[in-house]
Amino acid sequence: MKDIPLPNDTAFHKQVLAINALLPVLLTVWDFNRNQLGANPVEFVTRASGVMALLFLVLTLLVTPLRRCFGLNMLLKLRRDLGLYSFYYAVAHFMTYAVFDRGLQLSSIAADTWRRPFIAVGMMAFLLMIPLAVTSTNAMIQRLGGKRWALLHRLTYLILVGGVVHYSMIVKSDLRWPLWFGFISLVLLGYRVAEALNRRAKPKGA
Amino acid sequence: MTPEITPESVYRNRRQIIKASILAGTSLATASLFETFAPRRVMDNTGQALITNPEDFIYPKPGADEPANSFTDIASYNNFYEFSTSKSAVAQAAKNFKTDPWKLEIGGMVGKALLLDLAALRTIETVERIYRMRCVEGWSMVIPWIGFPLRELLERVEPTSAAKYVAFQSYHDLQQMPDSDSAGIPLPYVEGLRLDEAMHPLTLLATGLYGKTLPNQNGAPVRLVVPWKYGFKGIKSIVKITLTDQQPPTTWSTANPDEYGFYSNVNPDVPHPRWSQAHEMRIGETFRRPTLMFNGYGDQVASLYTGMDLKEHF
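In order, the protein sequences belong to chains A and B.
FYI, the working numbering numbers position 65 of the first sequence as 51, with every residue one higher than the one before it.
FYI, the working numbering numbers position 133 of the second sequence as 117, with every residue one higher than the one before it.
Since the hints were made in silico from the structure, they are not lab data.
Keep in mind that this is a model prediction, so the values were computed, not measured.
Treat the hints loosely; a few may be bogus.
Stated by the list, open to error - Coverage of chain B stretches by chain A, computed from C-beta distances (three or more under 8 angstroms per stretch; other residues unrestricted):
id, segment
1, 4 to 10
2, 265 to 273
Unchecked claim - SDA-like cross-link-like pairs, simulated, lysine to any residue; straight-line CA separation at most 25 angstroms:
id, chain 1, residue 1, chain 2, residue 2
3, A, K0, B, I2
4, B, K3, A, V2
5, A, K158, B, P257
6, B, K295, A, D98
7, A, K63, B, T10
For each residue, glycine too, the CB sits at the ideal point set by N, CA and C.
Use the sequences and the hints to build the structure in full.
So, in structure tokens, the structure goes:
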């Protein structure tokens, strides 16, 4: 029996990630049951799920820079899970809104999206996540071909911008948290731009 | 036992321990991080008991299907930006706020200016008023306030005939409110009412709730309650009341004039630019209920606004 060294034990890394990603859900359910979710549980769940979606999106986009800068190649195998956790939290965020804010009425959701720009931006970001989640399987990567798949998944950048804008549009006056996410996003997107410019500057085959 | 097997099992054992520690350690870190953001709500009403008089003014009490919110709800979910912009964090941040000694100054266009300290404030006879409180953010509560009509205080200072408005100012001090410089709104917090609104018998200066003195997070020692207007008109921890002939500036309408007006009457037909005001989430309920015109106090206050376009004067 051979053991994989811990730094390469992907199954274990995924376990750690899964437990930590789902802990907030468990804690929320537990807190709800013992009446500890605050005076406005719906508002808390809406905020928390939204922030978690954004947080996992940021983590997803951190993988490439961390790999390149620190050689943490093991992170690549976690990227799909990170992205999917972001999507699951976004689904929870959307469902909380759809059920408690809109009474699960499609016409009301559509009208609200049309009327309120911050909902429109959030909705756009959420809808763009769906094709990415659908094409996250190995089979879909193969079917699309690596290049086309990678191109499609660059939508992540747009989703991140949408998420941060959506967040900053709903706060009343204290912009610290949205600005913090905005700053991280700027760094993450800036890294991609710098990398692309770098690649262009280098002659082919070099 | 061969010598190879023992080291192997020890090695595997150690590996299991390391794995378990990583799982436990990261879980603990994640859980505590999450819980620092999660609201906490075990609240006791630790105020001093107030003696209140029986009510002699007939006002519309909330309906039978609108029980008063618990003390915990009222004292753990507060918009008080001087302390924190997170409603569930205000109570903790305001815990050590000093409200004794206190000075409340009433002046401006008055015959007899007045300076009340806490003891003088406490001598004013109080009544209980159970009012709806509708926040501009779209949630609401039912709160059993203790206080006295503002008009009683205004009559004492004898406003001059030139006085048309009443301006209010909150306490502000960076030492006690260190987070207030990131609130994103100009401080000290200021509010205002038209004199006839201020003189309306529903308009209350609250000094307590649930039979005891106000908790800091709810605006101790004295705050304004105008039940037909959005909650932010109810300026907290008041230090100054000024009678004036000019419409006074108000904090939120200064910070964002397109979204918050001087009047800010509860009105389901005038949406906030970013959200509808037609419904509200009553704290303690699961689904939204329709918002009432003037928060249900239309019979008492609609006549204050006859002939005014409430869409324009929102």
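Q. Do three or more residues from the segment 265 to 273 of chain B put their C-beta atoms closer than 8 angstroms to C-beta atoms of chain A?
A. holds (count 6)
Q) Are 3 or more residues of the segment 4 to 10 of chain B near chain A, judged by a Cβ distance of less than 8 angstroms? A) The restraint on the segment 4 to 10 of chain B holds, since 3 of its residues have a Cβ under 8 angstroms from chain A and three suffice.
Q: Would you mind confirming whether the straight-line C-alpha gap from K3 of chain B to V2 of chain A stays at or under 25 angstroms?
A: 9 angstroms, holds
Q.
Run the distance test for K0 of chain A versus I2 of chain B: straight-line Cα separation, threshold 25 angstroms.
A. 16 angstroms, holds
(Q) Check whether the Cα positions of K158 of chain A and P257 of chain B lie no farther apart than 25 angstroms. (A) 12 angstroms, holds
(Q) So if I understand the rule, the pair passes when the alpha-carbon distance is 25 angstroms or less; does K63 of chain A with T10 of chain B pass? (A) 19 angstroms, holds
**Q.** Distance restraint between K295 of chain B and D98 of chain A, which requires alpha-carbon spacing of 25 angstroms or less
**A.** It holds: about 20 angstroms lies between the C-alpha atoms, which stays within 25 angstroms.
The structure agrees with every numbered hint stated previously.
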